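Residues per chain are reported as follows:
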Amino acid sequence: MKAPARLAIPGSGTGKSPSWISGSASLSDVVLSTRARLARNVSGAIFPHMASDADLARVAKIVLTAAHRVQEKAFRSMHTVDISALNDQEKAALVDSHLTSVAHVRAGKHRFALVDDNQSVSVLINEEDHIRIQVILPGMQADAARRKADAIDDALSQELPIAYDKHLGYLTASLANCGMGLRVSIMVHLPALALLHRLPSTWQAANSLDAAVRGLYGEGTEMAGNIYQVSNAVSMGWTEAQTVGKITAVATYLEAEEAGARELLIRTRAAEMEDLVQNAQHQLRDAERLSVEEGVRILSTLRFGYLMGYDTHVSDTVFSELVAGLRGGTQLIASDDDRARDVFYQETRRPALFRNRIRAERSTVAAG
Amino acid sequence: MIGENDQLGLFEGRDGEDLMPSPACPTCHTRLDRIYADGFLGCETCYEVFADVVQQALISMHGTSRHTGKTL
Ligand SMILES: [Zn+2]
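Heads up: the protein sequence lines correspond to chains P and V, in order.
Take the first sequence: its letters are residues 1 to 368, numbered as in this note's numbering.
Take the second sequence: its letters are residues 1 to 72, numbered as in this note's numbering.
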């Protein structure tokens, strides 16, 4: 689909409100990315959090061996990453790309990640469970992500004894994952609902659809830039296909709510929205330093403006790239000294990084 | 009544057990009070030796303790 022409923010007003393109939203406006995750354990081995070094080493060895044996049919191009051999910056980069978790990179020896070339598939070894299979795809692709994870699970299950009970399903370290071991999460951006203070009631409705909500970097993190993770709240009593169906229903609901909110904002608060977008543009233009939180807030507003038809040039691609590049992971991983130094470095280079990327997008659009 | 550190808030009828040492899994040594506290088990044997507690916890968390998904 061809993108609609972008409107310039009127500098010297013609006295008319900007002609917003529309108040509509599509699933891809709302759902930035989809992740499917399967939790599995090797039968006969103690779960990672209670395991000795020797137990962990043994599990790592047999899972890596199995993964390499099925590499041909299950994965296209997997790289084995020994987490304990990485420096803090490399660990932070893995967390930023959502290929693994903060807990995993902090856990110590015998932790591995198998990562594919596209950074879309990762298999984590000795995370909370012995095996975590994770697939991340852009936009709303819950079924595709789930099927891809399932295929890898099938291949590994041929090679490994898996902890499973016919009544309880897959046995996991946390009872929260027991059963399917499946979590399907969508990353959603809901700026209009946030502006209207409608998120609390929206989450209540999402909860009633059996969905749970978290912030950008997972449990216990700030809800930065109106970006949220929505995932299935339970892992028993449903089939995998039903889980995908439920998350799809939540996405559809959120999309309709966000579209309604945008329409209302356009109809009743157009001038205010224009100010908001313009202020974010000025803030970025003048900034010498930007924290992760300020950065994601500005990007959120500029993407909102873009979706509403302003020429902020923060398209989906630019938004996803810059949010992924925020490097919030460093703040979660590094030691105190490194963290202070790195946070300062990142904060001072961030404004130029944003401005340059947006300028490049503007040139591309102008050339096209 | 249930202690305040019972984060799951799932369990009842534990009165009078406070002075007894919490039973432990023979394989991984996870103690029952850990499972009450955060819902974490240490190994497959935990699922067997604490089967009743596991079942109760699953019902409170998921509304059921019966897996209906993928089979191995
Ligand atoms: Zn055990």
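These are calculated hints, taken from the structure and not from any lab test.
In this text the structure is predicted, and so the values were computed from the model without any measurement.
Possibly wrong hints are sitting among the right ones.
[Claimed, not checked] Only pairs whose alpha carbons sit at most 30 Å apart, straight line, appear in this in silico BS3-like list of lysine-lysine:
#1 P:K61 with P:K166
#2 V:K70 with P:K61
#3 V:K70 with P:K73
#4 P:K246 with P:K109
#5 P:K166 with V:K70
#6 P:K109 with P:K61
#7 P:K246 with P:K166
#8 V:K70 with P:K246
#9 P:K61 with P:K73
#10 P:K109 with P:K73
Notebook entry, point to check: Hint by hint, which ones does the structure fall short of?
Noted result: 4
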